[in-house]
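Q: Sequence:
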Amino acid sequence: MNIPKSNFSDWYNEVIYSAGIVDIRYPVKGMPIYTSWGFGAIRKSFAILEELLEQTGHGQMLFPLLVPEDLFGAEGEHIKGFGGEVLWVTQGGNETLERKLAVRPTSETIMYPMFAQWIRAHTDFPLKVHQTVTIYRHETKATKPLVRGREVYWNEAHSAFRNEKEAEESIREGLQIYSEFYATLALPFTALVRPDYDKFPGAKYSIAFDILMPDGKVLQAATIHNLADNFAKVYSIQYDDEKGEKHYAHQTTFGLSMRCLAAAIGVHGDDKGLILPPAISPIQAIIIPIPGKEEKESAAVDAKAKEVKAKLEGAGIRVHLDCSEKRPGEKYYHWEMKGVPLRIEIGPRDIANKKVMLALRTGGKKPIDESKLVEATRDAFAEILKTLEEKAKKELEGKISKAKSMDDLKKGTGIFTAGWCENQKCADEVKTETGGVEVRGFLFDKKKEKAKCVKCGKDGTLAYWAKAY
RNA sequence: GGGGCUGUGGGCUAACCUGGCAUGCUUCCAGCUUGGGGUGCUGGCGAUCUGAGUUCAAAUCUCGGCAGCCCCA
1 MNIPKSNFSD
11 WYNEVIYSAG
21 IVDIRYPVKG
31 MPIYTSWGFG
41 AIRKSFAILE
51 ELLEQTGHGQ
61 MLFPLLVPED
71 LFGAEGEHIK
81 GFGGEVLWVT
91 QGGNETLERK
101 LAVRPTSETI
111 MYPMFAQWIR
121 AHTDFPLKVH
131 QTVTIYRHET
141 KATKPLVRGR
151 EVYWNEAHSA
161 FRNEKEAEES
171 IREGLQIYSE
181 FYATLALPFT
191 ALVRPDYDKF
201 PGAKYSIAFD
211 ILMPDGKVLQ
221 AATIHNLADN
231 FAKVYSIQYD
241 DEKGEKHYAH
251 QTTFGLSMRC
261 LAAAIGVHGD
271 DKGLILPPAI
281 SPIQAIIIPI
291 PGKEEKESAA
301 VDAKAKEVKA
311 KLEGAGIRVH
321 LDCSEKRPGE
331 KYYHWEMKGV
341 PLRIEIGPRD
351 IANKKVMLAL
361 RTGGKKPIDE
371 SKLVEATRDA
381 FAEILKTLEE
391 KAKKELEGKI
401 SKAKSMDDLK
411 KGTGIFTAGW
421 CENQKCADEV
431 KTETGGVEVR
441 GFLFDKKKEK
451 AKCVKCGKDG
461 TLAYWAKAY
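The first sequence runs contiguously to residue 469 in our numbering.
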């Protein structure tokens, strides 16, 4: 890496290519290749998320990519919200299709007609499903790998319940799942109820997780929507209760995309490159053998390195031994750039002392007793996670400030709290005048704090504001 | 939604204004050397995004397409 992180935009573009996260040289807009290091980290992340969803009773399914036009358009707000960027399949082979097929920009309209088939009575609840797939949105704006593309890999959870109360509980469950998920990535966030005009098309309300990036802009990195019975009415998801009376189901949906990796890259990386949290790094520990001056020494190092590798593998740690012909120093730079959280050095000196060297990507190098290898490695991962978390929390806290005037919004950077009268007009004017600062929403589940609107001065509510990706 | 800039070996880049032999670094390959933080030397492979136009001649000028970056909304 020869671009400092302070030049965040260039740093990001450089590091995602150099570290093997994506290759943007494929000639279709917004569709890069997610190469093995990047996709590996995404898969590790999603495996954690999928496990959390399974534990809370969501069953994994796979729904079709395509949805016929009439089904897609049934919910009026929904199609209005997505209509402009839907890709359509209009031809099959040489024949024009009589019924156009939409390529999913999200899967409500594909899943919910099936939900209507599956749900007949109150005993069919709760219905909780999730899937990890790609979705497609024909973005016209500038795209950015992992942040805004036309093809997005994500996990979406969709659930149906008997009533509003159960749906509310599901919202809380979603918050819990995503909070745990982001804790394993050491990424602090703000979970905010979006303003009404910015909610998911067709939802009652939307909660979104914003993660602060180093340039002071926030990245929306997960969403949770309460759909109430809006979609149930359109797709006839109805059930008989105990008394034989008909009711509409209440639904929720959550989504979390590969943006989580963009957030981890942005928040944790440094001038040397990436720093991946141990939980999602494709390789958690990289062993670098240091050859000796004599062949005998080198042979001993090789043998010891293999022994250490086997021991760690046996403990379920993702470990790799770099026996390439490069010099040790070059290997250090290489794996640091890729963000491997822990490096284990083994050389003749260590063998003589019955030690191995642990070098943490977050800083610090220490010899440890060979007999305590597994334990020390686990401790190192915990320490790395803690270091990342503390650093990220500190940065976030340092960049949330109270804005009392338009001037504060114009001059400051990061996240602001400021009053808002809840009229979109004021929000729009603020965005224009400040060069992009927009209302991100209100804290969920907290008593709304009164505050005068930062724009018009009328009575309003304390809201969160920031520039966003 | 609007505007600007850019596209040269795998990566970065010079030449572009003023049309005429495509420069350097790096990576990669081979060999030797070296080995606890990017060893050194020698040799080698490899490029003007795409289509049309202007011209004796286009990386260079003009127009379109595709792709990327930046700024504004």
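Worth flagging that the hints you see were computed from the coordinates, not collected in a lab.
Be aware that one or more of the hints could be misleading.
[Stated by the list, open to error] Here are the simulated EDC-like cross-link-like pairs (lysine to aspartate or glutamate), alpha carbons at most 20 Å apart as the crow flies:
#	residue 1	residue 2
1	Lys354	Glu336
2	Lys309	Asp350
3	Lys293	Glu242
4	Lys399	Asp229
5	Lys204	Asp229
6	Lys128	Glu169
[Claimed, not checked] Estimated spans, in silico, between C-beta atoms of each pair:
#	residue 1	residue 2	range
7	Ile400	Gln176	19 to 29 Å
8	Gly92	Phe63	32 to 42 Å
9	Asn423	Glu139	25 to 35 Å
10	Lys431	Ala315	30 to 40 Å
11	Arg120	Ala315	40 to 50 Å
12	Glu139	Pro4	51 to 61 Å
13	Lys425	Arg120	42 to 52 Å
14	Gln117	Pro4	34 to 44 Å
15	Lys141	Arg349	53 to 63 Å
A virtual CB, placed ideally from N, CA and C, is assigned to each residue, including glycine.
Q: Does each hint hold? Answer for all of them.
A: Right, here's what the structure says about each hint:
1. At roughly 25 Å between alpha-carbon atoms, Lys354 and Glu336 are farther apart than 20 Å, so this suggested pair is violated.
2. Taking the CA atoms of Lys309 and Asp350, the gap is about 15 Å. The hint holds against a cut of 20 Å.
3. With a CA separation close to 82 Å, the supplied pair Lys293 and Glu242 exceeds the 20 Å bound.
4. A hinted pair counts as satisfied when its Cα atoms are at most 20 Å apart, and Lys399 with Asp229 does not qualify at roughly 38 Å.
5. With a CA separation close to 9 Å, the supplied pair Lys204 and Asp229 stays within the 20 Å bound.
6. Distance hint between Lys128 and Glu169 is fulfilled; the C-alpha atoms sit about 13 Å from each other, no more than 20 Å.
7. Judged by the Cβ atoms, the range 19 to 29 Å given for Ile400 and Gln176 holds: they are separated by roughly 23 Å.
8. Separation of Gly92 from Phe63 is about 20 Å and departs from the stated range, judged on CB atoms against 32 to 42 Å.
9. Under the hint 25 to 35 Å, the C-beta atoms of Asn423 and Glu139, about 29 Å apart, fit the expected range.
10. Hint check: Lys431 to Ala315, Cβ distance near 51 Å, so the stated range 30 to 40 Å is violated.
11. Between Arg120 and Ala315 the beta carbon distance is about 49 Å. The supplied range of 40 to 50 Å therefore holds.
12. Checked against the given bound of 51 to 61 Å, the beta carbons of Glu139 and Pro4, roughly 29 Å apart, lie outside it.
13. A beta carbon spacing of about 46 Å between Lys425 and Arg120 agrees with the range 42 to 52 Å that was offered as a hint.
14. Take Gln117 and Pro4: their Cβ atoms lie about 56 Å apart, and the range 34 to 44 Å is violated.
15. Hint check: Lys141 to Arg349, Cβ distance near 55 Å, so the stated range 53 to 63 Å holds.
Of the numbered hints listed earlier, those contradicted by the structure are 1, 3, 4, 8, 10, 12 and 14.
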